[in-house]
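> Below are the chains, spelled out letter by letter.
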Amino acid sequence: MDIDPITLEVARNAIYSIAEEMRFIMMRTAHAPLFKEAGDLSCALTDAEGRLVAQGRDHPIHLGVMSSTVKEFLRWMGDTPLAPGDVYFTNALTIGGNHLPDVKAIKPIFVGGQLLAFSVVLAHWPDTGGSVPGSYNTKAREIYQEGLQMPPLRLFTAAGADRTLMELILLNVRGREQREGDIYGQRAACEVAARRVEEVAQRYGADVLRGCFARFLEESELRMRAAVAAVPDGVYHGEDCMDHDGIGGRPYRIAVTVTVRGDVSTFDFGGSDPQAEGPINTTRFVVQSAVYYAAKSLFQPDIPTNDGCYRPFDVLVPEGCLLNPRPGAPVVGGNHETSRRVVDAIYRALAPAVPDRVTAAGHGSGGVVIIAGPSYVFYEAHGGGHGAGATWDGLSARQTTLGNIMNTPVEAMEASFPFVIERYELRPGSAGAGRQRGGLGLRRAIRLLDDRAQLTTMIERTVIAPWGLFGGEPGRCVRIRVNAGRPDEREVSGKANCSLQAGDVLLLETAGGGGYGPPGERSAELEAADRQEGYVE
Amino acid sequence: MERAIFRVGIDVGGTFTDVAAYETASGQLISFKIPSTPGQLAGGVVAAVAHLGTLAPGAALADVIHGTTVATNALIEGRGAPTALVTTAGFRDVLEIARQSRLHLYHPRDPDRPLPLVPRRRRFEVQERVNIRGEVLVPLRVDALPALVEQVRATGAVAVAVCLLHSYRYAEHERLLKSVLGEAFPHVSISSEINAEFREYERTNTTVVNATLMPLVRDYVRYLERELGSQGLGGRLHIVQSNGGMMTSGTAQHKPINTIMSGPAAGVAAARHLMRRLGLPNAVTFDMGGTSTDVCVIHQGQATITAERQIAGQPVRLSSVNIESIGAGGGSLAWTDDVGALKVGPQSAGASPGPACYGQGGTEATVTDANLVLGYLAPEGVWGGSIRVQPRLAVDAVARVGERFGLPLRRAAEGIVDIANSNMLRALRLVSVQRGFDLRDFVLVPFGGAGPVHAGRLARELNVRRVVVPVLSGVFSAYGCLVSELRYDRVQTFFSRLDRETPATLAAAFRAVERQALDELHAEGYAPEAVHLRRSLDLRYVGQTYELEVPLVAPPDGLDPQRIRRAFDALHEQQYAYATAQPVECVNLRLSATIPTAVPEPSPLPDGRPGRALVGRRRASFKECGAIDVAVYERTCLAPGEELRGPAVVEEAWSTTVVYPGQVLTVDRYGNLHITVQ
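Protein sequences appear in the order of chains A and B. Per my numbering: the first sequence = residues 326 to 862. Per my numbering: the second sequence = residues 32 to 709.
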């Protein structure tokens, strides 16, 4: 259908605006703090076939998740009819799932009795049940320890809430009132989006709006194809490894073969290691997110996110490997650790193809530290150095690739927890040298003031360093110590679960990024600046 | 004969300097615009005052209230002074680590991420440590300070910022450093004086931004005072702050950061003042200029305030009116993107070359050209004092856009306007949805050259029922300078469980902040009795990581913890649709000290005969009825109570108001235009 250019633009603004509004409604109506501080939610509209049309300020880890959720949902539903007023909730790994805390609400939108679109709200619930509060069990060996699995459950119809299903969920998660608030918040955001889509459809006609949806996808597809076509054809292979799964000591390999042919490319993960016993497995939807992230960042960062972007890509993930494990495998850490390593493997593969855009490897970990005392649970994600690029040094002390969570201020930590933070600073000398050097990691020292506490870590790059590119040197690994420099100094693993005493000082030093190009080629000017600023030791 | 004494509001913009002044005895109001001198902001103020002198010979000035972009421009252009930073040992990199997040997720370089304003080589640590309760764990090593002064001096820094951990709780170490560093450096800014609020990165950066601006703003203010003095007109100089209130020139030198939203805040101050006069508590300002549009919500008579914002990419914490700015204005260009879609803005033709119809070399169609083609703007005469408009050029430019898409001229013009409007609708929806406001209860207040052209159409889309085009809309920010009150905002972090407080303990906590505010005002010559204090508390449920600001009614009732608790629950319910029985904790005390400004009642319009304002008819196009002849009115000739039915156009020197089909415009006794939207 031919859409006039003015209607297309006005509808575009209206539809994007709806996706943005959903986010605010969600933040206002749900149990707000987590979403506001960490931004761990995604809102989207899809067309009637589940193709992603518009996504609010997107969270990279949810890219592939949001583009698959409704399609998998429709497949699962089969001939079961959908009706106006229905809102389904699911966190099933098979329905676009990434890990159990990310719960999606899905609402079909009808205009004139015809299915036109879906509104989808993904929100990270602070708890989905399982063996530990917060549903973050770094020692899980099966998914049952990670929480309640929900296939698509119709929690709402036009007649109201299904109390039985609602109760089933609320009986199996911690923080009943808050979770109920989250559920109603997700529903509210879906409902408001539906009303606004209906308004727009009534104004321009449902068929015109369908035509606009198709055109948005086409535009993004055209742009991504043009971007892929600019990449030299070839078969590119790359690998990277996870340190270990926290149970066995051996590394897990992630292998990818990227085939670029004209304006399309295939990402084949054959050759990756079998699934792990510990929770570093992840789902093929997370792998898609990582592929889309890598492709967007390397090929064309500014394309509006929708299904059209992804049409030029094929993602192949063999069953039974740690990127697509058999049912029952634990996955909670894979969401933010393994996903980042997938990006690193793709970057390494494509480095010869797009040398001016790729970067060396960075910190590449969520850097998660959890300290649980008798009356508190402290949870923090730590950034580190980014890998260097062809003409720029890596960013220092930042979250890498798929994540972007903010830090907790020192003064806020001391206000809420029995800690004194002794230092929070850059880690000079941690960057990999190169013509362009990597970014610096950071260093945080936490002194426990009273009581015993349990320390949990979920941190990668403690064993396998962030690699350099084209002669650049690797960055320094993550190092975790208790009481560094004291007689009772001890090293802590990246997937540890151990106890701390009052007076102990935990010192976390995160990884520096890898360098780019031979260190000997670094300009004297930049070297002098690094010395003057104290970035090198 | 007694000299006429004036108060003068002056807003210096990129193209024009706007002036509004009133004679304090008679209340007579004078307003005018003069061209700004590019790169010479202070020159604009001096020229404006000189021009006033020619309009009112022999006049004296009581007050000059000035909205300025001098600090903002310096930040955007990276012209802050070389500055050093002193921090607690172990934390000199807080400024560089920031909040560890990136601006651009998909650009590996994160190209727009601002560099820290103080490079690492100019960041110094001192041995000292205070804990969360304000207890000294490590005393400040005073004997090390002479060496510190020498180290700082060696870097060439001319300003020094100091930010120590928990200094919002215990400021003695910072004060000591200020006294030592102050001997050696003319500009020292300490965080406990600029932003006594917890979360160290934001406090550090705010203090650093302030320090980098101190030399520049001091020179600017001193130059102005000298020039005003040399003209023999007298007058105290005040600067409008980001919060919409004004401050003395002395305070501006210590807290230059408070000027960063000066101009836009003055426009909001004007709208707030006017809406209070009209008894309309809820409004959305809509200031549409050449390249951008600013919108701000006024709720229950107060401009919505934000405690944190970004300026030139730098996050800073200061009280400022919550303005959203989008890159859409009269000069926004229509263009075709790489996949063939029609786009409008954010690129703009700016003031030069300007829209095609200006005939100054612009050839691409802008929103202004489209408005001209549609008959909304005058096709002849002189715009804005100097531009002789050439409709033919607008028609050609818009027609070229049409040809690309196979659209007739009128449809192309409508399309450009529709797309620009849809961009602005997105911003207007966001400012309201973000805070949970329903715009049906609000009026839209357009100003700036293009605002009243678009407001009627946008109001209909938003279900807003009334548009008020204010008098003096052409010099609205200058008028805002004139009506703004002297206002000092303070914040003090105060961690405490609300249920453990009593009215007496809360009063004691506020007293220290109140004393600082009253002392500051006293030093500037204001008696404590003249000061109006407004208190509020930032509160949250225990365990939350963000706060809500709860305004308190006047003591003693206002300090009753149970009453405050109920107010917090109600506000939480309004904003987040739930409240819980969890305990509540205090995070910050906020105090706003104001001295009201005496503003005379505006003089009502003289009673006139309705119908004198009709100056002609012209062809204009509307979606509802196509191209038809519409009546054109001259705003200055409208009589109070006069009523016009749309479609119609009302022209004035600096702006045009479009009354769309089905809308009715009435003129109130002061000359404000009220448009009823169906």
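In case anyone wonders, no lab produced these hints; they're calculated from the structure. Among these hints, one or two may not hold up.
[To be verified] Label-pair distances were calculated between CB atoms; the ranges are:
1) T482(A) x H135(B): 55 to 65 Å
2) T482(A) x I107(B): 47 to 57 Å
3) P671(B) x T482(A): 49 to 59 Å
4) I107(B) x A715(A): 45 to 55 Å
5) P643(A) x R152(B): 46 to 56 Å
6) H135(B) x P643(A): 56 to 66 Å
[To be verified] To be clear about the criterion: a stretch of chain A counts as covered by chain B if any three or more of its residues have a C-beta under 8 Å from a C-beta of chain B, and this derived list gives those stretches:
7) 554-568
8) 784-798
[To be verified] Take a look, some chain A residues computed to stay more than 12 Å from chain B by CB distance:
9) A486
10) A551
11) P652
12) G687
13) G712
14) P734
15) V807
16) G828
We treat Cβ as the ideally placed atom computed from N, Cα and C, and that holds for glycine.
> Look at each hint and say if it fits the structure.
Results of checking the hints against the structure:
Between T482(A) and H135(B) the Cβ separation comes to about 42 Å, which falls outside the hinted range of 55 to 65 Å. Remark: the range hint 47 to 57 Å for T482(A) to I107(B) is upheld by a beta-carbon distance near 54 Å. Checked against the given bound of 49 to 59 Å, the beta carbons of P671(B) and T482(A), roughly 57 Å apart, stay inside it. Range check, I107(B) to A715(A): about 29 Å between beta-carbon atoms, so the 45 to 55 Å window is missed.
Taken as a hint, the range 46 to 56 Å holds for the pair P643(A) and R152(B), whose Cβ atoms sit roughly 52 Å apart. A hinted range of 56 to 66 Å is violated for the C-beta pair H135(B) and P643(A), which are about 34 Å apart. Only residues whose C-beta sits within less than 8 Å of a C-beta in chain B count toward coverage, and the stretch 554-568 of chain A has 0 of them, not enough to reach three; the restraint is violated. For a cut-off of 8 Å, the count of residues in the stretch 784-798 of chain A with a CB near a CB of chain B stands at 0, and the three-residue condition is violated.
Non-interface status of A486(A) relative to chain B is upheld: no Cβ of that chain comes within 12 Å, the nearest being about 16 Å off. Against the 12 Å criterion, A551(A) falls within the reach of chain B, whose nearest CB is about 8 Å from its own CB. The beta carbon of P652(A) is kept farther than 12 Å from every beta carbon of chain B, the shortest such distance being approximately 32 Å. Distance to chain B contradicts G687(A) as a non-interface residue, since its nearest Cβ pair spans about 9 Å, not more than 12 Å.
Its closest Cβ contact with chain B, about 8 Å, brings G712(A) to no more than 12 Å, contrary to its assignment away from the interface. With a closest Cβ-Cβ approach of about 4 Å to chain B, P734(A) is found to fall inside the 12 Å limit, against its non-interface label. A cut-off of 12 Å between C-beta atoms confirms that V807(A) is not in contact with chain B; the least separation is 18 Å. Against chain B, the non-interface label of G828(A) holds: every CB pair exceeds 12 Å, the least being about 14 Å.
Violated hints, listed in ascending order, are 1, 4, 6, 7, 8, 10, 12, 13, 14; each of the other numbered hints is respected by the structure.
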